[in-house]
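**Student:** For reference, the chains in residue letters:
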Amino acid sequence: MARTVTPLLWLLFSAGGTIAALLFPVHLLLMGLAFPLGWLDAPTYSFLRSLVGHPLTRAYLFILISFPLFHWAHRFRYTLYDGLQIKHLTALIVVLCYGAALAGSIMAAATLWSIP
Amino acid sequence: MSAPPHYTPYHPKWYRRRVSVWWWLHHRPYTTFVLRELTSVAVAFFAVVCLWQVRALAQGPEAYAQFLTWLRTPLFLVLNAVAFLFVLFHAVTWFNLAPKAMVVRLQGRRLPDGIIAGANYAAWLVLSGAVTWILLRG
Chain X
1 MARTVTPLLW LLFSAGGTIA ALLFPVHLLL MGLAFPLGWL DAPTYSFLRS
51 LVGHPLTRAY LFILISFPLF HWAHRFRYTL YDGLQIKHLT ALIVVLCYGA
101 ALAGSIMAAA TLWSIP
Chain A
1001 MSAPPHYTPY HPKWYRRRVS VWWWLHHRPY TTFVLRELTS VAVAFFAVVC
1051 LWQVRALAQG PEAYAQFLTW LRTPLFLVLN AVAFLFVLFH AVTWFNLAPK
1101 AMVVRLQGRR LPDGIIAGAN YAAWLVLSGA VTWILLRG
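Chains X and A, in that order, are what the protein sequence lines are.
Going by the numbering used here, the residue at position 92 of the first sequence is 92; the numbering climbs one at a time, nothing skipped.
Going by the numbering used here, the residue at position 120 of the second sequence is 1120; the numbering climbs one at a time, nothing skipped.
The hints are simulated quantities; they were obtained by calculation from the structure and are not laboratory data.
Glycine included, C-beta positions come from ideal geometry on N, C-alpha and C.
Please note that the accuracy of each hint is not assured.
Stated by the list, open to error - Covered by chain A, per the in silico footprint, the following chain X stretches (three or more residues, Cβ under 8 Å):
| # | region |
| --- | --- |
| 1 | 26-34 |
| 2 | 59-65 |
| 3 | 89-98 |
| 4 | 106-113 |
Stated by the list, open to error - Counterexamples of contact, computed for chain X against chain A with all Cβ distances above 10 Å:
| # | residue |
| --- | --- |
| 5 | Thr6 |
| 6 | Pro7 |
| 7 | Leu8 |
| 8 | Leu9 |
| 9 | Gly16 |
| 10 | Leu22 |
| 11 | Leu40 |
| 12 | Leu69 |
| 13 | Arg75 |
| 14 | Thr79 |
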């Protein structure tokens, strides 16, 4: 079991790490700082809504949310092992980390799917 | 030969010194390592903010306006500023490690590390420019 799942988890970790490295700084700088602080004009609701109406944008947003969540799950799992020395809680940590990433991905897919 | 080997996972006679949870603060390379590992928390934080934004967009203009109001609170401005620094640190360490993780051979020769890292930085610039261009059109 572990032998078949580990390469997949590592693949998700590295794909998510690459996506987060390439795209998170610019999105975070714009949405989290430049728009709220008024450095730049924020896009309007109707513009974003029409953007999200396109299937490519939805696929992009799903990838932007889901893969980095799995990147977090994999890396944070080992941070907990090494940092807090709680290796004996392995099963619980694995379920919580990957479970949270899976829940977030399902929620993202359902929300993006539901937008008319 | 077929009997499974027997392991002892814990031996009470061995003395183990308790290591502090803050072991990584005493040496700079360890601190860098742990800070790099902790960037994943900022990554998850922003992924959740994106999910929140998508949900607000789906729910309608009022929900989206409320989301924007939240982003203007000092709490979220500080959280986003800290998360931005961590995400930036993640990006730089990730691109610098890429040549070690991904060995590319061209006509039997290994591509120099600088070219692979450089390609990552170039892709970073192009994608950041494209995202900015699209979002500023609205």
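**Student:** Given that the region 26-34 of chain X was listed as covered by chain A, double-check it with a C-beta distance under 8 Å for 3 or more residues.
**Tutor:** Satisfied; 8 residues make the cut.
**Student:** Closer than 8 Å Cβ to Cβ for three or more residues is the test here. Does the region 106-113 of chain X pass it with chain A?
**Tutor:** With 4 residues closer than 8 Å to chain A, the region 106-113 of chain X meets the three-residue bar; holds.
**Student:** Can we trust that Gly16 of chain X is non-interface, i.e. its beta-carbon lies farther than 10 Å from all of chain A?
**Tutor:** violated (8 Å)
**Student:** Does the no-contact call for Pro7 of chain X survive, Cβ to all of chain A over 10 Å?
**Tutor:** holds (14 Å)
**Student:** Over 10 Å from every CB of chain A: does Leu69 of chain X meet that, or does the non-interface label fail?
**Tutor:** violated (5 Å)
**Student:** Would Leu8 of chain X pass as off the interface with chain A, using Cβ distances and a cut of 10 Å?
**Tutor:** Holds: least Cβ distance 17 Å, greater than 10 Å.
**Student:** Beyond 10 Å from every Cβ of chain A: is that where the Cβ of Leu22 of chain X lies?
**Tutor:** At roughly 5 Å from the nearest Cβ of chain A, Leu22 of chain X sits no farther out than 10 Å, so the non-interface label is violated.
**Student:** With d taken as the least Cβ-Cβ distance between Arg75 of chain X and chain A, does d exceed 10 Å?
**Tutor:** Non-interface label on Arg75 of chain X violated, nearest chain A Cβ at 4 Å vs cutoff 10 Å.
**Student:** With 10 Å as the threshold, tell me whether Thr79 of chain X passes as away from chain A on beta-carbon distances.
**Tutor:** Incorrect as stated: the minimum Cβ-Cβ distance to chain A is 5 Å, not above 10 Å.
**Student:** Against chain A, does the region 89-98 of chain X show at least 3 residues with beta-carbon separation below 8 Å?
**Tutor:** Result for this restraint: violated, n = 0.
**Student:** Is it correct that the beta-carbon of Leu40 of chain X has no partner in chain A closer than or equal to 10 Å?
**Tutor:** violated (7 Å)
**Student:** Can we confirm that no CB of chain A comes within 10 Å of the CB of Thr6 of chain X?
**Tutor:** The assertion about Thr6 of chain X holds, with a minimum of 16 Å to chain A.
Consistency with the previously given hints fails for numbers 3, 9, 10, 11, 12, 13, 14, ordered from lowest to highest.
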